[in-house]
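Colleague: Protein chains in written order, with my numbering: chain A, 327 to 441; chain B, 302 to 412.
Because the hints were derived from the structure by calculation, they are not lab data.
Hints may be right or wrong, so weigh each one.
Heads up, simulated DSS-like pairs for lysine-lysine below, C-alpha to C-alpha not over 25 angstroms straight-line [said to hold, decoys possible]:
| hint | chain 1 | residue 1 | chain 2 | residue 2 |
| --- | --- | --- | --- | --- |
| 1 | A | K399 | B | K345 |
| 2 | A | K422 | B | K379 |
| 3 | B | K352 | A | K396 |
| 4 | B | K342 | A | K422 |
| 5 | B | K342 | A | K399 |
| 6 | B | K345 | B | K379 |
| 7 | B | K342 | A | K404 |
| 8 | A | K396 | B | K379 |
| 9 | A | K440 | A | K422 |
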Amino acid sequence: AQTVTQSQPEMSVQEAETVTLSCTYDTSESDYYLFWYKQPPSRQMILVIRQEAYKQQNATENRFSVNFQKAAKSFSLKISDSQLGDAAMYFCAYRKLGNTGKLIFGQGTTLQVKP
Amino acid sequence: EAGVTQFPSHSVIEKGQTVTLRCDPISGHDNLYWYRRVMGKEIKFLLHFVKESKQDESGMPNNRFLAERTGGTYSTLKVQPAELEDSGVYFCASSPGVEQYFGPGTRLTVT
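Next comes chain A alone, as it looks inside the complex (with noise of 0.2 angstroms):
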């Protein structure tokens, strides 16, 4: 069975500084998805980044980027220039490859903003 790992609870960055959450899964899987979702406090999921395994290169959505590896089976989120509106919990989540199917979720990690 497919898991997915964050081994940071909290985290904290000081604004306009750059943080990296991390995030393992394991699967036997060669191909699937990789997605980083933002939930900020009593606010709806939304979805930050995506990742499709059978690329190489690493996503990047304006502040956002991630380092995937692979071959380690890590998916860390990176958060550039960081900004007090991006203070939320944060959670990695795979899914199989394939037009539909359920994530696959870690246990999150919150992040605080420091002004």
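Fit chain B to the known structure of chain A by using the hints.
Modeller: Just chain B, lined up with the frame of chain A:
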């Protein structure tokens, strides 16, 4: 375009009572998912609808949980009778394909 909506946002019931949660997906999304997060633990999959059919219900914890999706539109998740361990946040997500769009969740408290 309206996002995924869920009702109620919060429900407090006593053990043994029945509660029905509702999810309205984004219009046109055939795929609808239910997830649950119990206190301090990871978000776990409950089930997946494709239109009105249950595609995968492997995450449903027991037969006290009943999910339906009328005409492939909105979905309901009924818990009957509720137990203390059912407390948590129930999320609904809809998807046209790869990406899933989440609702705000229903916080269920069973006392």
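Colleague: Hint by hint, say whether it matches the structure.
Modeller: Hint check:
The suggested pairing of A/K399 with B/K345 holds, with an alpha-carbon distance near 21 angstroms, which does not exceed 25 angstroms. The suggested pairing of A/K422 with B/K379 is violated, with an alpha-carbon distance near 28 angstroms, which exceeds 25 angstroms. For the hint pairing B/K352 with A/K396, the CA-to-CA distance comes to about 34 angstroms; that exceeds 25 angstroms, so the pair is violated. Of the pairs offered as hints, the one joining B/K342 and A/K422 holds, with about 22 angstroms between alpha carbons and a cut-off of 25 angstroms not exceeded.
The hinted pair formed by B/K342 and A/K399 meets the criterion: a straight-line CA distance of about 22 angstroms does not exceed 25 angstroms. For the hint pairing B/K345 with B/K379, the CA-to-CA distance comes to about 17 angstroms; that is within 25 angstroms, so the pair holds. For the given pair, B/K342 sits about 24 angstroms from A/K404 by alpha-carbon distance, which is consistent with the 25 angstroms threshold. This hinted pair does not check out: A/K396 and B/K379 have alpha carbons roughly 40 angstroms apart, beyond 25 angstroms.
A threshold of 25 angstroms between alpha carbons decides the hint, and for A/K440 with A/K422 the separation of about 36 angstroms lies outside it, so the pair is violated.
Going through the hint list in order, the structure does not satisfy hints 2, 3, 8 and 9.
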